[in-house]
Each structure stands twice: as C-alpha cells, then as structure tokens.
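Participant: Protein chains in written order, with our numbering: chain B, 17 to 179; chain S, 2 to 262.
Derived from the structure by calculation, the hints contain no laboratory data.
Be careful, since some hints might not be right.
[To be verified] Straight-line alpha carbon distances no greater than 20 Å define the calculated EDC-like cross-link-like pairs of lysine to aspartate or glutamate that follow:
id: 1; chain 1: S; residue 1: K138; chain 2: S; residue 2: D123
id: 2; chain 1: S; residue 1: K138; chain 2: B; residue 2: D178
id: 3; chain 1: S; residue 1: K145; chain 2: S; residue 2: D135
id: 4; chain 1: S; residue 1: K145; chain 2: S; residue 2: D73
id: 5; chain 1: S; residue 1: K145; chain 2: B; residue 2: E149
id: 6; chain 1: S; residue 1: K138; chain 2: B; residue 2: D99
id: 7; chain 1: S; residue 1: K145; chain 2: S; residue 2: D123
id: 8; chain 1: S; residue 1: K145; chain 2: S; residue 2: D50
id: 9; chain 1: S; residue 1: K145; chain 2: B; residue 2: D178
id: 10; chain 1: S; residue 1: K138; chain 2: B; residue 2: D53
id: 11; chain 1: S; residue 1: K145; chain 2: S; residue 2: E213
id: 12; chain 1: S; residue 1: K138; chain 2: S; residue 2: E69
id: 13; chain 1: S; residue 1: K138; chain 2: S; residue 2: D202
[Stated by the list, open to error] A partial selection of chain S residues facing chain B, derived with a Cβ cut-off under 10 Å:
id: 14; residue: I47
id: 15; residue: A52
id: 16; residue: S55
id: 17; residue: V56
id: 18; residue: Q58
id: 19; residue: E60
id: 20; residue: H63
id: 21; residue: L66
id: 22; residue: E131
id: 23; residue: K138
id: 24; residue: T139
id: 25; residue: Y146
[Stated by the list, open to error] Far from chain B by the CB rule (all over 10 Å, computed), these chain S residues:
id: 26; residue: D13
id: 27; residue: D14
id: 28; residue: S54
id: 29; residue: D73
id: 30; residue: A124
id: 31; residue: D174
id: 32; residue: A205
id: 33; residue: E220
id: 34; residue: L221
id: 35; residue: G248
id: 36; residue: D249
id: 37; residue: E257
Backbone N, C-alpha and C define an ideal beta-carbon position, used for all residues, glycine too.
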Amino acid sequence: MEMIRTETALESRIWDVLHTVEDPELPISVTDLGMIDAVDVADGHVRITLVPTFSACPAIEVMREDIRRRVRELPEVQDVQVDLSFARPWTIARMSERGRQRLVAHGMAVPAARPPARPVACPFCGSTNTTLENSFGPTLCRAIYYCNDCRNPIEQFKPPHDS
Amino acid sequence: MSLAQSPLGRRDDLRAAFGGYLLALADDELVLGHRHSEWTGFAPDIESDVALSSVAQEEIGHARLFYERAGDLLGGTPDDLAYGRAPDGFRNAVLVERPNGDWGFTIVRMFLYDRADAVRLDALAGGPVEPLADLAKTLRREEKYHLLYGEQWLRRLAGASDEAHARIQGALDAAWPEAVGVFEPVEEERTVVESGIMTLDAAAQAERWRREVTAVLEELGLRVTEERGGPGGRSGTHSEDLTVLLGDMTEVWRAEPGATW
Chain B
17 MEMIRTETAL ESRIWDVLHT VEDPELPISV TDLGMIDAVD VADGHVRITL VPTFSACPAI
77 EVMREDIRRR VRELPEVQDV QVDLSFARPW TIARMSERGR QRLVAHGMAV PAARPPARPV
137 ACPFCGSTNT TLENSFGPTL CRAIYYCNDC RNPIEQFKPP HDS
Chain S
2 MSLAQSPLGR RDDLRAAFGG YLLALADDEL VLGHRHSEWT GFAPDIESDV ALSSVAQEEI
62 GHARLFYERA GDLLGGTPDD LAYGRAPDGF RNAVLVERPN GDWGFTIVRM FLYDRADAVR
122 LDALAGGPVE PLADLAKTLR REEKYHLLYG EQWLRRLAGA SDEAHARIQG ALDAAWPEAV
182 GVFEPVEEER TVVESGIMTL DAAAQAERWR REVTAVLEEL GLRVTEERGG PGGRSGTHSE
242 DLTVLLGDMT EVWRAEPGAT W
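When you get a sec, could you build the whole thing from the sequences and use the hints?
Facilitator: Below, the structure is given as structure tokens:
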C-alpha cells in the first residue's frame, strides 16, 4: 500500500512538470495540447507516452528532450523514457479548453473540438466571413485563412484530416 | 511496441522481407520529399512555395519514420539508411527521382504518386501488424492534405487555357509509364503479402489506383495513352537522375560521416 501511495504522489508531480513543458512553436503546454497519452512509473523508472499532432513535426524531438530532462530533475526519478505512440491518434478533441483559449489569445483560429465543423472564426474580429488561402502554413499544424471583414490574415490550428 | 518486438518482426524469415518493403516506402518519400523541397523559393506563387516546402518537410518526416522501422528490423539509423547507400541500393520508384520539370509535371506526378501512396497506406492500415497499421492510419490523415492540394491544382491547370491543358497532357504522357511502376513489386512482395502484412497485393493495389486516377483524368478530358509500365526502380535499377539527386543530397553527410550538430 505504501508503495502505491508513493507512486501516485510521484505521478502527480510528474504531471505537474509536464504542465510546464511547452510546444517550442506555440504558447501551449504538452498537456493542454493533449499530447501525453500515459505516465507509467515503476520504482523510479518513468515511461511517458507521447502522441504527436503531426508525425513529421520537427518540434517533437525538442519536446521529447525537454520532457526527459525536466522529469529527470525530480529527485525520486531514476530514468525517463519518452515513447512516441500512434495507437490512439491525436485529434483536436484532445486539446484542453485552456489550451484552446491560449491559442485564440495568441491570435489563432482553433477548430471546434467535436463535429459539426463550424466556419473559421477570425480571432481578431470574430467574423466568420473568412476564406482559406492556403492549407499549408509556417508549421505542419497551421493553415492560412483571410478575414474578409477586418482584412487580416489568420493562422488556423490545423488538425490532421479526418474524412 | 517496436516493430522488431511484434510477433511478425520476431520471425527471422520475415524480418528481411518486411524491412526491405519498408525501405521502398521510405525511399519513395525521401526522394519525392527532396524533389518537392527544390521548389522552395521557386514555386509559381508564395502559397505554393509554402505548400511544397511543407509537403517536402512532411514527406521527409514520413521517410524518417519508415527508416526507423526498417532500421529496427535490418539495423542502421535513419541517417545511415538515407545517406549511406549507393544509388543501386535505393528502392524508390523511378517516378519520384525525375527532375521537377515544370509546375505541370510536378502537379501531375504529385497527383499520381499521392493517389498511389493512399492506396498503399490503406492496404497497410488494414493489416495485422499494429505498429505499422497505426502508423499508416496516422500518415493517411496527414497525406490527405497533399492529395487535396495536388488534385485541386490538377483540376485548375487542366481546365485553364488550351496551352495549360496541352502541357498537363504532355506531363501525364511522360509520367504515366513510371507512375505504373510505383506498383512494381519489391523482391520480397510474395513473402510480405503471404504473411498478411498487407491486405492487398501490388497488382490489386495497382488496379484500384488505376481505376481511381483514370476516373479523375477522364473527367478533366485527359487521356492515358501508354498503358504499359516502364521500369519501376524497386529492384535498384534507376536513372542517372537519382545519382545526381543523391550526390547533391548526401554531400554534407559524405564530407564528415557521423558528424552531429
């Protein structure tokens, strides 16, 4: 029983650390993005399962290394392994409400967590009178829209295509 | 679970066949990704420049994932496999090593290849090797944007001026025989299919691909003139174009093998 309590406390400290590890390209933590699939602890050996938003995202290795280094700093932790998994794929529904709000505050449009799909709303003026300019943008997870009302270009957080 | 630890990966008789098949997939994605990257800074408009750069990054990232899994079975890191082999060790389709030519050829090739890749990923996604089926399902959702992009441009160019239509027809005539070659079976095809790793063999995949792409091409008033496939590339027989491409791509690696930065 003692063992179980200790590990639960450690797990929760690991989650606390994970909440502070951010995507190097966006102001959002890996937990708010919904990238952490599992945290398994056994005798100080930690295994964290990470689910990429886009499998070819070059930020994955940066996040992986950040997670490894930061979790390793916890005194009870002996070693940390961060595995990538595609078994339960990332979807926009995995993003937390707080994460979504941070991205919107950052000036991004974020799709609805669940169907039905809604028109892209301009993060600056709220208008849905927007047009897709490019389904590819500065990173794999962004598309470019244009707001026909306030005339600003918009970056949309682009999830993988489910059809 | 890594591929080497999966039930099929633990079978010695299948490991080499399976690894060889994955190399062909990885080589396709790497070589076409490299060709797409050559548009960075040169595409017809800024949106296409961003799009092709992004597609290139994604194809090369997919290649890396396939190389990791091939290396799991055959040995070697993704860098060893990508940069350390001679041209005749590459198993990519000849189609993807051809120079970009004009924008029309790039788009026609992208359409034909991405449609073939989609059929192939479907066959893997339905297979029993979970680490590979999961990966195929993931890649399929990402590749969908490439498919939509290529087809949208194809429709636009084929439906534009007579000159544009003629150039697209010319690009199709040039690309078609080698596009059929994407489905040239790898040497280990029979072993891979009989093991059940893929739910459709290369011939059945080719048939589905042909049906799907010709439906779109005919709708756009384009003709498939050459039915016979050319050399595919799966057995390591390539054009001089691949030697030039690899010479370019591996120059830094060869200057200081094993360097890290």
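Participant: Would you mind marking each hint as holding or not holding in the structure?
Facilitator: Hint check:
The hinted pair formed by K138 (chain S) and D123 (chain S) meets the criterion: a straight-line CA distance of about 8 Å does not exceed 20 Å. Restraint check for K138 (chain S) and D178 (chain B): the C-alpha separation of about 10 Å stays at or below 20 Å, so the hint holds. Of the supplied pair hints, the one linking K145 (chain S) and D135 (chain S) holds, its CA atoms being roughly 16 Å apart against a limit of 20 Å. For the given pair, K145 (chain S) sits about 27 Å from D73 (chain S) by alpha-carbon distance, which is inconsistent with the 20 Å threshold.
The hinted pair formed by K145 (chain S) and E149 (chain B) meets the criterion: a straight-line CA distance of about 17 Å does not exceed 20 Å. Note on K138 (chain S) and D99 (chain B): the hinted pairing holds, with a Cα-Cα distance of about 18 Å set against a maximum of 20 Å. Restraint check for K145 (chain S) and D123 (chain S): satisfied, since their Cα atoms lie roughly 12 Å apart, inside the 20 Å limit. For the given pair, K145 (chain S) sits about 19 Å from D50 (chain S) by alpha-carbon distance, which is consistent with the 20 Å threshold.
Proposed proximity of K145 (chain S) and D178 (chain B) is supported: the alpha carbons are some 8 Å apart, at most 20 Å. Under the criterion of a C-alpha separation no larger than 20 Å, the hint pairing K138 (chain S) with D53 (chain B) is consistent with the structure, at around 17 Å. Distance hint between K145 (chain S) and E213 (chain S) is fulfilled; the C-alpha atoms sit about 15 Å from each other, no more than 20 Å. At most 20 Å may separate the alpha-carbon atoms for a hinted pair to count; K138 (chain S) and E69 (chain S) meet this at roughly 17 Å.
At most 20 Å may separate the alpha-carbon atoms for a hinted pair to count; K138 (chain S) and D202 (chain S) meet this at roughly 18 Å. Hint status for I47 (chain S) relative to chain B: holds, with the closest Cβ pair at about 9 Å, below 10 Å. The criterion of a C-beta within 10 Å of any C-beta in chain B is met by A52 (chain S), whose closest approach is roughly 4 Å, and the hint holds. Residue-level restraint check for S55 (chain S) holds (minimum Cβ-Cβ distance to chain B is 4 Å; threshold 10 Å).
Satisfaction of the interface hint for V56 (chain S) is found here, the shortest Cβ-Cβ separation to chain B being roughly 7 Å, below the 10 Å cut-off. Checking Q58 (chain S) against chain B: minimum C-beta separation of about 6 Å stays under 10 Å; hint holds. Interface restraint check for E60 (chain S): the shortest CB-CB distance to chain B comes to about 8 Å, inside 10 Å, so the restraint holds. For the restraint placing H63 (chain S) at the interface with chain B, the shortest Cβ-Cβ distance is roughly 6 Å, inside the 10 Å limit, so the hint holds.
Taken as an interface hint, L66 (chain S) checks out: its beta carbon lies about 6 Å from the nearest beta carbon of chain B, inside 10 Å. A cut of 10 Å between beta carbons decides the hint on E131 (chain S): the least distance to chain B is about 7 Å, and the hint holds. A cut of 10 Å between beta carbons decides the hint on K138 (chain S): the least distance to chain B is about 7 Å, and the hint holds. With a least beta-carbon distance of about 4 Å to chain B, the hint placing T139 (chain S) at the interface is held under the 10 Å criterion.
About 5 Å separates the beta-carbon of Y146 (chain S) from the nearest beta-carbon of chain B, less than 10 Å, and the hint is met. With a closest Cβ-Cβ approach of about 25 Å to chain B, D13 (chain S) is found to remain outside the 10 Å limit, as its non-interface label requires. With a least beta-carbon separation of about 26 Å from chain B, D14 (chain S) lies farther than 10 Å from that chain, consistent with its non-interface assignment. Distance check on S54 (chain S): its Cβ comes as close as 8 Å (rounded) to a Cβ of chain B, failing to clear the 10 Å threshold; non-interface status is violated.
At roughly 13 Å from the closest C-beta of chain B, the C-beta of D73 (chain S) stays outside 10 Å, upholding its exclusion from the interface. Non-interface call for A124 (chain S) relative to chain B: holds, since the shortest CB-CB distance, roughly 17 Å, exceeds 10 Å. Distance to chain B confirms D174 (chain S) as a non-interface residue, since its nearest Cβ pair spans about 29 Å, more than 10 Å. Consistency note on A205 (chain S): stated as away from chain B, and its beta-carbon is indeed over 10 Å from all of that chain's, at 23 Å minimum.
The claim that E220 (chain S) is not at the interface with chain B holds, since no C-beta of that chain comes within 10 Å of its own (minimum 20 Å). The claim that L221 (chain S) lies off the interface holds: its Cβ sits roughly 21 Å from the closest Cβ of chain B, which is beyond the 10 Å cut-off. Separation of G248 (chain S) from chain B is adequate, the least Cβ-Cβ distance of about 25 Å exceeding the 10 Å criterion. The non-interface label for D249 (chain S) is consistent with chain B: the shortest C-beta to C-beta separation is roughly 21 Å, beyond 10 Å.
The beta carbon of E257 (chain S) is kept farther than 10 Å from every beta carbon of chain B, the shortest such distance being approximately 21 Å.
Hint compliance for this structure: hints 4, 28 are not met, and every other hint is.
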